[in-house]
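Number of protein chains: 2
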Amino acid sequence: MQNCGAEVSIVGIGQVPVTAASPLSLRQLGADAVKRAMADAGVEHVDALFVGNMLADELQGQKHLASLIADQAGLRWAEALQVRAATATGAAALRMAYLAVASGQADVAIALGVEKMSSDRTQVISALAKALDAELEVPGGATLLSQNAKLMRLYLERYGRSISDFDGFALNAHANANGNPNALFHDRVVTQERINAAPIVSAPLRLYDAAPICDGAAAVVLTRTKQARAFHHQPVKMLSASVVTDRFRIADREDPLHLAASTRSAREAFRRANVHRSDIDLFEVHDAFSIMNCLILEAVGFAEPGQGWRLAAEGEIFRDGKLPICTMGGLKARGHPIGASAIYQTCEIVQQLTGTAGQNQLPDPRLGLLQSVGGAGSTVLTHIFGV
Amino acid sequence: MQNCGAEVSIVGIGQVPVTAASPLSLRQLGADAVKRAMADAGVEHVDALFVGNMLADELQGQKHLASLIADQAGLRWAEALQVRAATATGAAALRMAYLAVASGQADVAIALGVEKMSSDRTQVISALAKALDAELEVPGGATLLSQNAKLMRLYLERYGRSISDFDGFALNAHANANGNPNALFHDRVVTQERINAAPIVSAPLRLYDAAPICDGAAAVVLTRTKQARAFHHQPVKMLSASVVTDRFRIADREDPLHLAASTRSAREAFRRANVHRSDIDLFEVHDAFSIMNCLILEAVGFAEPGQGWRLAAEGEIFRDGKLPICTMGGLKARGHPIGASAIYQTCEIVQQLTGTAGQNQLPDPRLGLLQSVGGAGSTVLTHIFGV
Numbered sequence: 001m002q003n004c005g006a007e008v009s010i011v012g013i014g015q016v017p018v019t020a021a022s023p024l025s026l027r028q029l030g031a032d033a034v035k036r037a038m039a040d041a042g043v044e045h046v047d048a049l050f051v052g053n054m055l056a057d058e059l060q061g062q063k064h065l066a067s068l069i070a071d072q073a074g075l076r077w078a079e080a081l082q083v084r085a086a087t088a089t090g091a092a093a094l095r096m097a098y099l100a101v102a103s104g105q106a107d108v109a110i111a112l113g114v115e116k117m118s119s120d121r122t123q124v125i126s127a128l129a130k131a132l133d134a135e136l137e138v139p140g141g142a143t144l145l146s147q148n149a150k151l152m153r154l155y156l157e158r159y160g161r162s163i164s165d166f167d168g169f170a171l172n173a174h175a176n177a178n179g180n181p182n183a184l185f186h187d188r189v190v191t192q193e194r195i196n197a198a199p200i201v202s203a204p205l206r207l208y209d210a211a212p213i214c215d216g217a218a219a220v221v222l223t224r225t226k227q228a229r230a231f232h233h234q235p236v237k238m239l240s241a242s243v244v245t246d247r248f249r250i251a252d253r254e255d256p257l258h259l260a261a262s263t264r265s266a267r268e269a270f271r272r273a274n275v276h277r278s279d280i281d282l283f284e285v286h287d288a289f290s291i292m293n294c295l296i297l298e299a300v301g302f303a304e305p306g307q308g309w310r311l312a313a314e315g316e317i318f319r320d321g322k323l324p325i326c327t328m329g330g331l332k333a334r335g336h337p338i339g340a341s342a343i344y345q346t347c348e349i350v351q352q353l354t355g356t357a358g359q360n361q362l363p364d365p366r367l368g369l370l371q372s373v374g375g376a377g378s379t380v381l382t383h384i385f386g387v
Numbered sequence: 001m002q003n004c005g006a007e008v009s010i011v012g013i014g015q016v017p018v019t020a021a022s023p024l025s026l027r028q029l030g031a032d033a034v035k036r037a038m039a040d041a042g043v044e045h046v047d048a049l050f051v052g053n054m055l056a057d058e059l060q061g062q063k064h065l066a067s068l069i070a071d072q073a074g075l076r077w078a079e080a081l082q083v084r085a086a087t088a089t090g091a092a093a094l095r096m097a098y099l100a101v102a103s104g105q106a107d108v109a110i111a112l113g114v115e116k117m118s119s120d121r122t123q124v125i126s127a128l129a130k131a132l133d134a135e136l137e138v139p140g141g142a143t144l145l146s147q148n149a150k151l152m153r154l155y156l157e158r159y160g161r162s163i164s165d166f167d168g169f170a171l172n173a174h175a176n177a178n179g180n181p182n183a184l185f186h187d188r189v190v191t192q193e194r195i196n197a198a199p200i201v202s203a204p205l206r207l208y209d210a211a212p213i214c215d216g217a218a219a220v221v222l223t224r225t226k227q228a229r230a231f232h233h234q235p236v237k238m239l240s241a242s243v244v245t246d247r248f249r250i251a252d253r254e255d256p257l258h259l260a261a262s263t264r265s266a267r268e269a270f271r272r273a274n275v276h277r278s279d280i281d282l283f284e285v286h287d288a289f290s291i292m293n294c295l296i297l298e299a300v301g302f303a304e305p306g307q308g309w310r311l312a313a314e315g316e317i318f319r320d321g322k323l324p325i326c327t328m329g330g331l332k333a334r335g336h337p338i339g340a341s342a343i344y345q346t347c348e349i350v351q352q353l354t355g356t357a358g359q360n361q362l363p364d365p366r367l368g369l370l371q372s373v374g375g376a377g378s379t380v381l382t383h384i385f386g387v
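Chains as they are written, first to last, in the working numbering: chain A, 1 to 387; chain B, 1 to 387.
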């Protein structure tokens, strides 16, 4: 594969604070994030808008969302298309905006992620389950929650661990959310005692093992690296990306506890960016479930199989640890408005790399890693950012 | 906008014959089209698959479709993402595959369109209506059919025409479908008498003014033009593309009968390809409704406002006319499996430009135009192909 494309940088970010139920409509949420990102980049003209959203078909009865939001944001005449990859949808929007700029088809492109989940909860859960196989998995009662519960059970059994070994993931995420004004749980203090007292949501998963349902929208502005400084004094480079799909159903994979698409996607992204895993300063990980977080750390190679939980238990994932993850709260505590999550994560990496992460600022990070997981691990997108 | 991307060509096509109700499942339809296209291109490895589908969320209860179909087609490890733009969804998949190859991120990319609509008819119509505004249009009973009926009424009134002035669109489409074995109506003979006797479906629209609901899947294989001949002895160049979004609701546009996004998108595509409208040898047009067909011909500039119907009435759109359109049956008679339609049209343009259109073959065409319309004209994608 030759790289005939231009280099791409992020020159603006926009985040609507995540809430349990926003007074804004879906289109307003989306347009709000777009406008914030445009203001940050100082642009008035946008060539292309790529919109990531997973659930509007069911929850708002709305398709054709990219055109609708382009209109709402005042982007008449721009290119506007919607992209999806189940729970990794936000990262798919980022991917498309990257391709549009790298190919020279857009001077300025925006990737927007938006989701409004404050709706009937049963409807949300059943719409989310469509990320799984509608013929072979869902009729048996499978949901994203049940699939992750199954993975957790298997993990605890195979490696002889206890669910409390995973507490560090929630403790880290919630501690970081307290320093992020955009986080859903920015003012909730989650202690070890609170985790101990949490109810089981799907055995063995406890409340703090799963990310919350919420509303949110975030956007980033992309342009060619060569002209990035004309837009923003601190552009962030998109060094590489890699998208990989695995066998769709967990049951069809050699080892359910090995996220092979995560391994391959990360390896390829590291190769393309010419960096090593050990160079990464922060990792915004797809912590929709604590077990998924653990399996990703193992799959990317930050821990041996069966050892991912240790990074949490021993504090290495905290901001003062060797591999800070979920530095602004993660999906767990910033919130997981599905189609928007990876764009929030991108914004947060940009904040860290530009020294604008406020009280959660890491000391001089240079390389940020983002990995997003669709469904039960069949889609994985990896992006690497640098300054 | 600089063009830093590589030039892109189509090196393989695959079409599953359109049917009213396929015995194949959605995923089987999709995988079948992918395999046909790969066989035509002689490729065993694919870097990226972009899937266009509009209705699976409701009709099959399935999201995460790109990963599912990649698995079904044996494309484990490939990049696989879903894209959408309401009724222009197939063209959005083509756009994405183009960006992936032009940017150098994929050596070989496939654009797939797939739709399975043989389901509960009320469910289909209500899912299709989600292409309109769920807050401001649908609650008042608006559907794609009712919006097009409204446009037709307005057109007939403003220009003092009769609905029978539009008969030529259906006559041309059905005559061409008779020569296309992949067409839904390949064996149905539609005469003037039959059109005269057709029932009204939504006044003033008659049965033959609207495209049928059906099942289908089509795929095309893209690679860089520089290496295209290594894949296929008759590659077809993608000369340019342009995507434009207009105000979402017809009510918000200056003139409901002017498809401004169509005008702008075509003008930009002509400019980028450095060709003139009059150079076009065939036009695969978005003839989901005869009024839409007419308005597009006017918007692109092939007819003055109020005169588009004349191209049909006077036979200029027939295969032996000045501007052949819908040369293999169009959405009207090849069938309009929504997310797949623009990919079928792309395949048909490739057939025409490579002299493989069978009994519908035009004499030595060099330039083909494709335009796809999302919703009631708020999204328009134009692609130009050449040999």
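I should point out that these hints are in silico values taken from the structure, not numbers from a laboratory. Please note that the accuracy of each hint is not assured.
Among the chain A residues that face chain B by a calculated CB cut under 7 Å, a handful are [claimed, not checked]:
1) Q82
2) A102
3) V189
4) T191
5) Q227
6) F231
The list that follows gives simulated cross-link-like pairs (lysine-lysine, DSBU-like), each with its CA atoms no further than 35 Å apart [stated by the list, open to error]:
7) B:K322 with A:K226
8) B:K150 with A:K237
9) B:K150 with A:K226
10) A:K150 with B:K150
11) B:K35 with A:K35
12) B:K226 with A:K150
13) A:K226 with A:K35
Ideal placement from N, C-alpha and C gives every residue a C-beta, glycine not left out.
Hint by hint, here is what the structure shows:
1. Q82: holds, 4 Å
2. A102: Where the cut-off is 7 Å and the nearest Cβ of chain B is about 4 Å from A102 of chain A, the hint holds.
3. V189: violated, 36 Å
4. T191: At about 36 Å, which exceeds the 7 Å cut-off, the nearest Cβ of chain B leaves the hint on T191 of chain A violated.
5. Q227: Violated: closest Cβ of chain B sits about 10 Å from Q227 of chain A, beyond 7 Å.
6. F231: Status violated, d = 15 Å.
7. B:K322 with A:K226: Given pair K322 of chain B, K226 of chain A is violated - Cα atoms ~46 Å apart, limit 35 Å.
8. B:K150 with A:K237: violated, 49 Å
9. B:K150 with A:K226: Judged against 35 Å, a Cα distance of about 49 Å means the pair is violated.
10. A:K150 with B:K150: violated, 53 Å
11. B:K35 with A:K35: violated, 43 Å
12. B:K226 with A:K150: violated, 49 Å
13. A:K226 with A:K35: holds, 24 Å
In summary, the numbered hints that this structure violates are 3, 4, 5, 6, 7, 8, 9, 10, 11 and 12.
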